[in-house]
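Visitor: Note that the protein sequences, when read in sequence, are chains Y and W. Heads up: the first sequence is residues 169 to 553, going by the working numbering. Heads up: the second sequence is residues 4 to 343, going by the working numbering.
In case anyone wonders, no lab produced these hints; they're calculated from the structure. All residues carry an ideal CB built from backbone N, CA and C; glycine is no exception. Warning: the hint list may mix true and false statements.
Said to hold, decoys possible - Distance ranges between label pairs, derived from CB positions: (1) Y:277 x W:153: 37 to 45 Å; (2) W:153 x Y:438: 26 to 34 Å; (3) W:108 x Y:391: 32 to 40 Å.
Stated by the list, open to error - Quick look at which bits of chain Y chain W covers, simulated, 3 or more residues with Cβ under 8 Å: (4) 184 to 192; (5) 367 to 380; (6) 480 to 492; (7) 534 to 545.
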Amino acid sequence: MATSRALRQPASLRIGSAAFLTFWCLLAAFPLFWILVMSFKSPVDAFDASALAVIFGPRTIAEGKGLSVIDIAVGLVFLYFAVRLAFTRLPGLVWALTPPELAVLGWLIGCLAYAAVFVVLLFGVLPPVLGIIDSVAGPLGQPVLGMTTEHYRAVWVENGFYRNFINSMIVTGGVVTISLTVGTLAGYGLARSGSNLAFWLLIAALIFRALPHSVLVAGYLPVFINSAEILRPILGDAAPTLYGQPLAVIMVLVAINQPFTIWMLRSFFQSIPMELDEAARVDGCTHFQAFRRVIMPVMWPGVITTGLFSFLLGYNDFLVTSLLLDSQNQTMVPAIAGYFNRETTTTDQVEAIAAAVSITAPLFLLVMVFQRQIVSGLTAGAVKG
Amino acid sequence: MKFRTFAAFVGPSVFMMVVFIALPLISVFVQSFQVTQPVIERIEVETCSAGFLEQTCTTRVTTRPLLDENGQPQTTTEWVGLESYANLLQLDRVRNAIAAGVPERILQIDFWQALRFTLTFTLLTLPLVVGLGLAIALAVNNAARSIRGQVIFVSLLPFIITPVIGALSIRWLFYGDGIVTSWLEALMGTDISVAANGWAIEALMMFYRVWHVAPFAFVIFYAGLQTVNQDTLESAIIDGANRWERLKFVIVPHLMPLIVFIALIHLMDAYRAFEEVVGFSSQAQRITLQWLTYDLLQPDDAGNRSISRASASAMLTMIGIVIILLPPLRRTWRDHKGVS
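Chain Y with its partners taken away, still in its complex shape:
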């Protein structure tokens, strides 16, 4: 669309706006970029006062852990193709190999397998091959960029961070699944009923959404710790202590997330025309059949978006998981608090940074893949309301 001359902006305004935008992007990305850089350096380099020393890591190179020009080039090409393949070939393969009913499972297995192959190639196959090439390449084989993955190895292998990762996945997976199952039903019911009761339920949900989570945890804690005694009259000796159980935490997080979920899903359901329900009902469906066979198939975008936000809630939670889980079952985010609380040496600090980057990486991927859904989810509630 050609702008008329009256609307054209003066150069100063355009430059000012572009400069501001650049500044914001730098501000938004810099802290994250910086912890990524720091996590690959030896502790002395990571906390150096000079930014160039942090980026190039002279002392990391001196320890014999550096990348040559060839390494960087090969690595970048490998990453480029890995990402391209993930976005072009992987979906096709998943669709071809899994029956449509098991699509979710297929995606899960496909992504995990892809990630496994990726990690093996990047850390297992590339380094020795490149080591041989570097030794014969002369000046191009000299290390120029300090880089070490020792902190990641320390965090994941030696400190057993993978256990926290598995716990995180269990809790997050549970929260997303149950949240969506319960939430879609309620969201549909609320969207299709104009009764006073539905209105009051939504208002109550709005109030619940505003509650500080610590208020609720103060209510759970005594009950969860003593649950074995409280439940014994009902369940006998099989009564579980809920404190420290991932399953109990899942239920708590689902409930905390419910108000938000039903508001969001309701607004997505409302954007589906009523006529669709009515047509299905005329054809002899019950309400539930109409919901399952007619409405849900066109609801997937909304469900995926809401699922993303449930995922974020479960994955990012610190308060509930740190209070209701004991240290053996800890998820990733509270576990990191242990790192920076005991950070006595700079090595500990860099390990904490490596753990922080490990937690952030999946979220980064999430934004890359689902950017459009996240934006639509954010605007769904607001622009209409």
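Use these hints to put chain W onto chain Y, whose structure you have.
Guide: Relative to the frame of chain Y, chain W by itself:
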């Protein structure tokens, strides 16, 4: 839809909200008036050491928790009325401080310190979030279409990141020998210690919050900007409005409902600020109301959790939430009555 079908659809969700939100709320309310303690018995212990002719014996009175038949410490629960609240508010110290003419001393009490910080934090970040979000939205709307996707991607990162990690990533830039502190030191030629200065930490916590929430405001404002009525804008131009006037009289009024929405969400979320205290380890200098409850719930050195004081603190936090929510709820109620 018939009531029975409606109930079947909504039932599971309502059940979960009642069991995990409404009931805990009631139990917190009740707990805040109760104190549960282990039953302590006083016993005399005679310890004797070997001696010539006679043993030397001493008797001491010690206390120990009374155990029930399962070996668990017995506990009693007592009604204490408003005692937990009084412990938290320490009104006599407040009165003394006012009588002595040094109101600053009130801030030495945990609760009042947390309240002071939470309110400052909430009210100062609010205009910054709305302003920065609007500025980014206008700038992106102004930018070439081809780069908008990338800009939105980068902007979403601070929003999507785990709050504790986001706070940590900024902390590592400033605390100790952080890179930004090094730059500031080089610029000003003095030694700076951010971690030791309460106000510096407070500013960092607010900076983090604005950095974290501004993208959310941006995305919503940006969506709102796409629906600005072009005809109104054009008539404004014909009437001779300059850019600033168009922004002030056409665009901002159009975005007003969104500004209210963001302000409301931000008030609710900033009032529950918690992760900042963890990420910046600021508990020695600055605490928030929700962190106060969290801290009381953590087991102390003896393994006891002060549940009743935590409940009282939670109930006091709730009062603020109610105050924030009253105006929008009253408006929704009036709208609802207007419709039906």
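Visitor: Each hint should be assessed against the structure and marked as holding or not.
Guide: So, going through the hints one by one against the coordinates:
{"no.": "1", "hint": "Y:277 x W:153: 37 to 45 Å", "in the structure": "31 Å, violated"}
{"no.": "2", "hint": "W:153 x Y:438: 26 to 34 Å", "in the structure": "32 Å, holds"}
{"no.": "3", "hint": "W:108 x Y:391: 32 to 40 Å", "in the structure": "38 Å, holds"}
{"no.": "4", "hint": "184 to 192", "in the structure": "holds (count 5)"}
{"no.": "5", "hint": "367 to 380", "in the structure": "holds (count 12)"}
{"no.": "6", "hint": "480 to 492", "in the structure": "holds (count 6)"}
{"no.": "7", "hint": "534 to 545", "in the structure": "holds (count 6)"}
Going through the hint list in order, the structure does not satisfy hint 1, though it satisfies all others.
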